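A.B. asks: Using the sequences and the hints given, assemble the complete structure.
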Amino acid sequence: MREEVFRLEQVSIPPVLHDIHLHLYRGEIVALIGLNALGIDELLGIFQKNAALHYGHVYCRNVLVNDYLGSNHSQNPVTIIERNSMLIETMSVEDNLFILRKRSRQHLIHSKLLGSQMQALLQPLSLSIEPKTLVKDISSFEKLVIQFLKASLAHSALVILRDISTFVSEVDLARLKPILTYLSQEKGMTFLYVCNHHQEAFHFASRCYLMREGRIIKHLYADQMTDAIINCYANEFTESVELSDRQQQYGLQSKTDALLKLDHLVYGNIDDLNLVVHKQETVVLLDSENLVIHQLFDLLGKSNQAYEGAIEYRNKPFRPSSRSIALVPPKPDMSLIFPQLSVLDNLLFTSDHKISNLWFTIHRRSALAGELEQKFGPHLAKKVPSDFDQAYRLRLVYHRLLLQKPEFICVVQPFASVDMYQRMELISYFDLFKQRGSSILILAVSLSDCLQIADRLVILKEGRVHHQLFRNEFSQYHGIAGSIPMQSKE
Amino acid sequence: MARRTYYLETRVVLLVLSLTILIILTLMLALLYRQDRITSPLFLLLIVSATLIVGFVSYYTLYLPYGRTKHIMQLFASGYTFHAIVDDKIPLNKEMVDLNKTLETLLNTDQIMNASKRQAQFLALQNQINPHFLYNTLEGIRSEALLAGLDSVATMTEALSTFFRYTISNVENLVSLQQELENTKNYFFIQQFRFGNRIKLHISFEGEQENEVLQYRIPKLTLQPIVENCIVHGLECKVGVGNLYIRVETSESRLFITVRDDGVGMQEDVLQQMQKKLSTRSFDYVKRDEHQGGIALVNVNNRIKLLFGEQYGLTVTSCVGVGTDVAISLPRSKGEEPPA
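If you read the sequences in order, they're chains U and L. 504 is the number of the first residue of the first sequence in this note's numbering; add one for each residue after it. 410 is the number of the first residue of the second sequence in this note's numbering; add one for each residue after it.
To be clear, the hints were calculated from the coordinates, so they are not data collected in a lab. Note that the coordinates shown come from a computational prediction; the quantities given were computed from them, not determined experimentally. Treat the hints with care, as some may be off.
Below, a list of computed lysine to any residue pairs in the SDA-like style, where the Cα atoms sit at most 20 Å apart [stated by the list, open to error]:
id	chain 1	residue 1	chain 2	residue 2
1	L	Lys-479	U	His-557
2	L	Lys-647	U	Pro-518
3	L	Lys-498	U	Asn-575
4	L	Lys-498	U	Gly-573
5	L	Lys-594	L	Glu-658
6	U	Lys-764	U	Tyr-816
7	L	Lys-479	U	Pro-518
C.D. replies: Structural data, given as structure tokens:
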């Protein structure tokens, strides 16, 4: 008989959650796909903490832990694993696993014993890490596995994996499947895999919940986990991204001048990297081992000197401070927003080279505010970005780039942790950049929807270009998470 | 009879009384201090402490219980719950308790249960006398007779009589899953005479031995009305073969049955109306116009909630082009009576 680890009965927290019915059994991997982001945070919060509910019942291991009549605000045995690791970077793996846990009752540390215990835990996962290695020195994938073991040692009823493809590479995602299968089937761990892409969810999960506008809109069993069924729920995406005329602007392989050139670049894990980005071209640089993209972005952003080779922009040394270049780091809705500035100032921040005396003349800014009100709402000069949600802030960042009109844009993981509607909006922004003649370099560890806006896919291995595919060849790439444009499917 | 302090009204009176005493005490002490009968200003500390204690006690004995009672009233008003208001641990006053008792009588479970059960039987009977249903069935018999295949005529007639017998007889609330599934298969069998191979039924069991699961008790006429809804609203209008899946799964305490079809699905507004009817408690549907649709699902949902509690019942999800899922959550029980 199957053991139920969590059950939510008609849980409601208006206006974000409505009548959520969900159950999870011991030893299974269930996916939760948010077609939009509304309610996801609150739902995960309900798993973690017994906070006040408008209505509903929450059962953990078959015990009523929370309902609408009274919430004790206690914590449930749930571990959330996301981009920000719960491990302490400056401590060893062994200490993180055994010392920093609630039920650790030993007063003396037996290093040898702990070391052997750790190896015994790692051995079935085909992973080898020295116990004394500091957490900061291990890879993202190894951190992820250590967090699984930590959750297992803490007897977590549920492990929630949130958007892990945003920090774990495609190669590592493929390695993760047998590990999750082992932990769920042999150790009885239950995983809730939260992501935005169905291909990724289907790869890992045995069943799947689809959520939109704070409601569970479909419970998919294994036989229903197909692209055809998902397309019925994501028909707006299919119509606006895959079937529309926008596809025609991509994949036109005309020879144009090189805009950016990485010439025999050597830096950190980057080993003799050669790449040319042409004018008006969108290139996706897929770092399937998650080794180099952050180093490459640092190299572009901080004007660090490469050990060898050079970065050239219009046949001159690359200068990131130029207004013709825009660099977009991960999570730009946080990192590229100035919280103390108004929405209007945030929007116009990089447009001063286009409009003279922008910061000295109020009437020019007011006139621009009037134009922008249609998209961003009234009183832009009085509102700050923190008044708005992630989708608004993301729109704000990309609209600022649109006003800046850069010739070259480098973006890291643009579709990471964004829902379907935000992805649709971002795709329309990238279409506009392309129409205005910008060249775009996308640095990614997993594809998501990057190929929808790409002319060329360049795949890196061991810090150098392994091979490249043009738009009509994209179907040859078999990744775990990512949509492929219709054109290349045909 | 509960103690007087049990009521929020009494607690408010006690709070007002405490505050009045506190104010009088403060004024008296201040006066004495001014007349130099008290020299130390430490009395201020005493007053502050007393105020904090009164504040602390009233937060836990007044503010929080009031918030809870208010929340329950809101849920009652919006139809989420009926019984929480009757079971309210700290009511406003004695009159409110009396009012709740009257309400409880009005909401008498047995009476509503009987009404719901009668309606379930009525809905099923209505199908029997529904001209389309009867004509289609008779047409099937006639066709078969014309073809002189007496065996199949006999089978069909037998299925029809078994269905009638199950629906009209057996007045108990709970039947075994096996009986309910047999009746559902029987109903499906009758419908197949009309639809032929256009509709297919698939039944699967997860998590426990099939013969064990079949012994669990569920309310009578739980599955057949849902299957009927799937056929009439989902599969009948579908071009091509339509599948109906019944998936039974069990956990330590629950029995989950999912009835799923791959028919035409519901429009968003229809689905939302249906979900609202299922998520709130109301017995308006008993007197509702039959053409409004979805009565059978609401009836099944309400009977389950009346029998087992408000944490059980039906949920519906649907999408045009994908089909409709009806998930039934029930307690896992082999007993004759509903579990406590």
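A.B. asks: Now tell me, hint by hint, if it's right for this structure.
C.D. replies: Comparing the hints with the structure gives:
no.	hint	result
1	L:Lys-479 to U:His-557	holds, 12 Å
2	L:Lys-647 to U:Pro-518	violated, 35 Å
3	L:Lys-498 to U:Asn-575	holds, 17 Å
4	L:Lys-498 to U:Gly-573	holds, 12 Å
5	L:Lys-594 to L:Glu-658	holds, 18 Å
6	U:Lys-764 to U:Tyr-816	holds, 6 Å
7	L:Lys-479 to U:Pro-518	holds, 19 Å
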